[in-house]
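Chemist: Residue numbers (this note's numbering): 149 to 626.
A hint or two may mislead.
Simulated pairs of lysine-lysine, DSBU-like, Cα-Cα distance not exceeding 30 angstroms [to be verified]:
# : residue 1 : residue 2
1 : Lys-338   : Lys-292
2 : Lys-618   : Lys-605
3 : Lys-170   : Lys-393
4 : Lys-194   : Lys-292
Read the hints as simulated data drawn from the structure, not as lab findings. Bear in mind the structure is a predicted one, so any value in this text is a computation, not a measurement.
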Amino acid sequence: MFLGLDLGTSGLKGIVIDDDQKLVASAKADLDVSRPHAGWSEQDPKSWIEAAERVFGELADLTDLSAVKGIGLSGQMHGATALDASDEVLWPSILWNDTRSSVEAAAMDGDPDFRAISGNIVFPGFTAPKIEWLRAHQPDVFEKIAKVLLPKDYLRLWLTGTYASDMSDAAGTSWLDVGARDWSDTLLAKCHLTRDHMPGLVEGSAVSGNLRASLAQRFGFASDIPVAGGGGDNAASAIGVGVVKAGQAFVSLGTSGVLFAANDSYRPDPETAVHTFCHALPGTWHQMGVILAATDALAWYANLVGDEPAALTGALGSLQAPGNAVFLPYLGGERTPLNDAAIRGAFIGLEHATDRQAATRAVLEGVTFALKDCQEALAATGTSLDSLTAVGGGSGSDYWLSAIATTLNCSIDLPVAGDLGGAFGAARLGMMAATGGGAEIAMPPAMERSIEPDTSKAAAFEDGYARYVKTREAIGGL
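My request is simple: use the sequences and hints to build the entire structure.
Modeler: Given below as structure tokens:
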């Protein structure tokens with residue numbers, strides 16, 4: 149069997165699959181996010197370890213973990229976890245959706261070397277500007293930094309005792325030469341860092357280390373189990389749904405929203421605010437349009453009206469044309485295509501007819517139109533989308549997927565097994581590391597059904613998107 153761990157923002161999920169890639173067991177432990185100041189988003193890395201202990205314990209109760217032959221990791225990207233020489237955490241991990249370092253990010257992005265070498269805009273959510281923020285605002289902390297690890301790689305340190313990362317996750321730091329798949333000494337030096345501050349790099353399907361003997365004994369694993377390099381959450385999700393070759397793509401409706409397209413070559417175009425990263429398999433890359441709030445926006449609205457997200461979306465019935473209400477989902481700034489940490493969300497066009505269902509539809513439409521922005525940005529790089537596989541918790545809403553299919557004019561496939569996210573991709577990477585396998589392990593799953601664009605409402609959604617763009621432009625300076 150093979151085990152995958154996916155360290156998300158809201159929880160850590162673990163699954164066990166057999167050698168036919170059938171699900172054997174799964175467990176999840178919830179996580180909390182701390183927001184002590186406006187624009188801040190942090191987690192205590194110790195909570196990740198506690199969550200992993202709970203997940204391992206639950207999995208051990210469900211199945212015999214001695215049959216596990218490999219472990220893979222997936223995780224939320226960009227988090228800055230600073231350790232001292234004794235591996236003690238110096239500051240709460242600054243997460244992907246934290247925007248405090250917008251000044252530092254803008255200064256880095258103004259240096260042409262960052263885009264030229266990393267292939268990407270330096271977004272405030274990326275790792276490098278957060279460490280620069282520590283240097284500027286917490287110099288005593290910065291001076292003690294011995295290692296900077298991404299969230300899943302801190303979990304790896306606990307699992308194996310190894311400082312390691314994979315190229316897909318490292319690509320989101322602004323320190324990686326994405327084309328060369330190696331740390332850039334030039335970019336590190338500009339941030340007053342060296343390779344010594346970085347973990348070693350391995351491909352996502354390669355072995356990064358072996359499970360500690362103490363953990364193996366505690367939870368019933370065999371000895372010397374390899375732990376794969378793994379991947380950033382979106383790259384791992386791509387492995388899970390078989391998006392590993394040029395022409396394959398998926399849409400993710402998780403806390404954030406993503407349009408992800410695999411590439412067989414390095415194709416950066418930072419001016420579009422499209423992310424160009426290494427994939428979790430050797431010799432492959434990918435492009436992403438990323439929005440910061442997808443199900444996060446729906447969860448915010450559900451909390452506002454005192455209901456559950458699934459209940460709100462489940463009450464909508466069949467797809468309707470957009471109404472007058474327009475929702476901008478910029479609750480914590482936006483990445484693609486805006487690269488704007490200061491912009492905030494809005495409800496515009498509210499009227500007496502805007503009841504709970506109309507407002508719910510507006511929220512789903514706002515996220516949908518933000519994904520349309522991503523499709524336009526990808527198209528500007530020459531990447532087109534003909535069909536998508538849906539992943540993430542939001543893919544449980546047929547209404548939402550129908551709105552996306554209609555707006556993007558793209559069919560959306562739903563896997564038979566449901567949400568095949570980062571944990572499944574991580575388990576597949578664990579299988580690759582243990583067996584020496586490659587992309588042939590990451591075949592697309594069987595699809596249950598497809599959701600096609602509703603051509604009768606295509607024009608209405610085009611008009612809705614045009615009003616969304618006008619609304620965004622109108623509030624941009626407020």
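Chemist: Each hint needs a verdict: does it hold in this structure or not?
Modeler: Okay, the hints, checked on the actual structure:
1. Lys-338 - Lys-292: Measuring from Cα to Cα gives roughly 18 angstroms; hence the hint holds.
2. Lys-618 - Lys-605: 20 angstroms, holds
3. Lys-170 - Lys-393: At roughly 23 angstroms apart (the allowed maximum being 30 angstroms), Lys-393 and Lys-170 satisfy the hint.
4. Lys-194 - Lys-292: Roughly 19 angstroms between the alpha carbons, so the hint for Lys-194 and Lys-292 holds.
Consistency note: the structure conflicts with none of the earlier hints.
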